[in-house]
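A.B. asks: Build out the structure end to end from the sequences listed, making use of the hints.
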Amino acid sequence: MKRRVEPLMWLGFSGGGVAAAIFLPMLAFLCALAFPLGWVGPPSHDDLLTVFEHPLTRLALLALFAAMLVHAAHRFRFTLYDGLQIKARLLVAVTCYGAALVMMIFAVDVLTT
Amino acid sequence: MTQKTTEARIELRVARYRPDKDREPGWQEYDVPLREEWTVLDGLNHLKDKVDTTLAFRWSCRMGICGSCGMNVNGEPRLTCATFLSDYAPGPVRVEPLANFPVVRDLVVDLTDFMEKLPTVKPWIIRDDDALPDQDGEIDGEYLQTPEELDAYKQFSMCINCMLCYAACPVYGLDPDFVGPAAIALAERYDLDSRDQGARERLDVLIEHEGVYGCTFVGECTRVCPKHVDPAGAIQRYKLKAAQESVKAFLLPALPKRLRGGR
Amino acid sequence: MSEDLTYRRPISTWWWLRKRSYFLFVMRELSSIFVAWLVLYLLLFVRAVFEGEEAYRDFLDRASSGPLLVLNVLAFGFLLLHTVTWFGVTPQAMDLRVRGQKVPKGAILGAQYVALVVVSGFVFWLVAR
Numbered sequence: 002m003k004r005r006v007e008p009l010m011w012l013g014f015s016g017g018g019v020a021a022a023i024f025l026p027m028l029a030f031l032c033a034l035a036f037p038l039g040w041v042g043p044p045s046h047d048d049l050l051t052v053f054e055h056p057l058t059r060l061a062l063l064a065l066f067a068a069m070l071v072h073a074a075h076r077f078r079f080t081l082y083d084g085l086q087i088k089a090r091l092l093v094a095v096t097c098y099g100a101a102l103v104m105m106i107f108a109v110d111v112l113t114t
Numbered sequence: 017m018t019q020k021t022t023e024a025r026i027e028l029r030v031a032r033y034r035p036d037k038d039r040e041p042g043w044q045e046y047d048v049p050l051r052e053e054w055t056v057l058d059g060l061n062h063l064k065d066k067v068d069t070t071l072a073f074r075w076s077c078r079m080g081i082c083g084s085c086g087m088n089v090n091g092e093p094r095l096t097c098a099t100f101l102s103d104y105a106p107g108p109v110r111v112e113p114l115a116n117f118p119v120v121r122d123l124v125v126d127l128t129d130f131m132e133k134l135p136t137v138k139p140w141i142i143r144d145d146d147a148l149p150d151q152d153g154e155i156d157g158e159y160l161q162t163p164e165e166l167d168a169y170k171q172f173s174m175c176i177n178c179m180l181c182y183a184a185c186p187v188y189g190l191d192p193d194f195v196g197p198a199a200i201a202l203a204e205r206y207d208l209d210s211r212d213q214g215a216r217e218r219l220d221v222l223i224e225h226e227g228v229y230g231c232t233f234v235g236e237c238t239r240v241c242p243k244h245v246d247p248a249g250a251i252q253r254y255k256l257k258a259a260q261e262s263v264k265a266f267l268l269p270a271l272p273k274r275l276r277g278g279r
Numbered sequence: 522m523s524e525d526l527t528y529r530r531p532i533s534t535w536w537w538l539r540k541r542s543y544f545l546f547v548m549r550e551l552s553s554i555f556v557a558w559l560v561l562y563l564l565l566f567v568r569a570v571f572e573g574e575e576a577y578r579d580f581l582d583r584a585s586s587g588p589l590l591v592l593n594v595l596a597f598g599f600l601l602l603h604t605v606t607w608f609g610v611t612p613q614a615m616d617l618r619v620r621g622q623k624v625p626k627g628a629i630l631g632a633q634y635v636a637l638v639v640v641s642g643f644v645f646w647l648v649a650r
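Protein chains in written order, with this note's numbering: chain A, 2 to 114; chain B, 17 to 279; chain C, 522 to 650.
Do not take every clue at face value.
Derived lysine to any residue pairs resembling SDA-like cross-links, with alpha carbons at most 25 Å apart [what the hints assert, rightly or not]:
no., chain 1, residue 1, chain 2, residue 2
1, A, Lys88, A, Leu9
2, B, Lys257, C, Lys540
3, B, Lys243, B, Leu134
4, C, Lys540, B, Leu134
Facing chain A, from chain B, some residues (calculated, C-beta under 8 Å) [stated by the list, open to error]:
no., residue
5, Val120
6, Val187
7, His225
8, Thr232
9, Ser262
The following residues of chain A were derived to be distant from chain B, with all beta-carbon distances above 10 Å [as the list claims (entries may be wrong)]:
no., residue
10, Met2
11, Leu12
12, Pro26
13, Pro44
14, His46
15, Leu62
16, Gln86
17, Val95
18, Tyr98
It should be emphasised that the hints constitute simulated quantities derived from the structure, not laboratory data. Here the structure is a predicted model, which means the values were calculated and not measured. All residues carry an ideal CB built from backbone N, CA and C; glycine is no exception.
C.D. replies: This is the structure:
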């Protein structure tokens with residue numbers, strides 16, 4: 002059978018879509034809205050540090066963020082290709098997944114402090 | 017027949033394109049009787065019969081099964097034989113050729129692209145074994161199928177090739193290489209048919225960029241389909257199926273086809 | 522007749538403004554940028570926590586007003602659009618059968634929202650207590 006990478010990218014896109022749909026809402030709500038605006042907490046620095054520095058948290062966040070980044074890159078790639086009609090298929094793909102890769106490296110850097 | 021002085025009328029703004037005279041399409045306004053049971057197609061036929069014989073458009077069964085009369089009515093891809101004028105009262109009703117296809121003349125579009133794409137997905141029963149003649153030399157091509165097996169693909173077999181889904185699909189409009197909703201739905205119809213063994217062959221065509229993965233699940237195709245085929249659903253299911261096969265192909269390249277679960 | 526006189530209608534750059542369903546589709550696709558932004562924001566948040574008490578307080582302060590807050594409100598809106606549309610299309614995309622019976626679309630939709638509530642509850646308990 003022909004081997005193509007596209008189906009695997011789509012699987013990544015799907016997994017990341019689920020991750021973003023289920024995990025991101027509460028995380029984003031708390032960290033981007035509720036905590037800064039004082040609607041909830043904000044929790045003490047020590048409490049948050051305990052949660053975030055736990056190896057399971059780091060691993061989970063790394064996996065979830067990676068999935069979400071693949072999802073975003075894949076979807077944005079098609080927005081550029083179809084929407085803005087940028088037909089340089091390889092260039093668009095490399096730019097989008099490349100940007101996701103750069104963010105993932107940053108994620109590894111932050112989460113392995 | 018004496019004409020009632022108070023007969024309601026409705027304006028049809030019809031796209032005209034005469035390739036021998038026009039550089040680009042234009043509009044022509046007409047007035048047709050607004051009869052309760054009249055469809056847009058009835059209006060067009062009235063025009064052609066009584067008002068302007070030069071108006072060109074396709075139609076046939078006038079009952080929603082042949083798929084010939086697809087046009088864009090007020091921007092929506094519709095079967096004109098199934099679109100009632102009274103729903104658009106007081107009008108005007110804009111009638112244009114089916115979107116995303118080149119215009120041949122007036123409301124007639126060139127469907128060659130679809131005609132060329134359809135055979136590439138092999139929409140027929142493919143079997144590994146050739147039908148063998150029995151002892152009388154007769155070929156018995158009868159295959160048994162349970163109602164459950166029929167149910168598995170029946171929905172996708174209802175496609176009448178009306179092309180409304182192609183007219184609704186922005187991906188097809190923006191990228192004419194995309195194989196399109198109906199073709200993929202028909203490929204799925206045969207993949208799901210218990211008598212068929214050609215799934216792998218179709219996969220090789222549809223796994224390409226212009227195949228299923230060009231679809232971004234806008235979902236408009238399903239919304240406009242007059243036969244409720246749900247091509248969008250067929251495409252997403254196909255994407256998952258193709259992805260599963262891809263994972264297997266990458267992980268188990270050494271296993272023979274039979275062991276990998278391929279047909 | 523050797524010349525091809527068929528007319529190819531051009532597609533406007535603003536094709537997606539012509540129909541509500543097209544507009545919603547494009548907004549849904551653009552949510553991907555905001556998902557990526559929120560991931561970046563969360564990484565910066567976590568980094569601030571790792572950097573210490575003062576960095577954390579400082580970060581919360583900066584995120585509580587101005588363009589950053591506006592961006593996050595906008596991003597959160599788009600994230601909700603993503604979640605709602607994602608849950609909405611999944612039942613159509615799946616042909617789930619349990620013991621030969623097709624799972625009704627409503628069940629698949631409901632199950633996703635249940636998952637959202639459960640996971641959100643878990644995240645809240647983990648982070649906000």
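A.B. asks: All hints are to be evaluated individually against the structure, with a verdict given for each.
C.D. replies: Here is how each hint holds up against the structure:
1. Lys88/A x Leu9/A: Judged against 25 Å, a Cα distance of about 21 Å means the pair holds.
2. Lys257/B x Lys540/C: Judged against 25 Å, a Cα distance of about 31 Å means the pair is violated.
3. Lys243/B x Leu134/B: holds (18 Å)
4. Lys540/C x Leu134/B: violated (28 Å)
5. Val120: violated (25 Å)
6. Val187: holds (6 Å)
7. His225: This hint holds: His225/B lies near chain A, its Cβ roughly 6 Å from the closest one there, short of 8 Å.
8. Thr232: holds (5 Å)
9. Ser262: Holds: closest Cβ of chain A sits about 4 Å from Ser262/B, inside 8 Å.
10. Met2: violated (5 Å)
11. Leu12: violated (5 Å)
12. Pro26: Nearest chain B Cβ is 21 Å from Pro26/A, so the label holds.
13. Pro44: Consistent with the label, Pro44/A stays out of reach of chain B, its closest Cβ about 39 Å off (over 10 Å).
14. His46: Label holds. Min Cβ-Cβ 43 Å, cutoff 10 Å.
15. Leu62: holds (25 Å)
16. Gln86: violated (7 Å)
17. Val95: Check passes; 15 Å lies beyond 10 Å.
18. Tyr98: Non-interface label stands for Tyr98/A: nearest chain B Cβ at 15 Å, farther than 10 Å.
Hint compliance for this structure: hints 2, 4, 5, 10, 11 and 16 are not met, and every other hint is.
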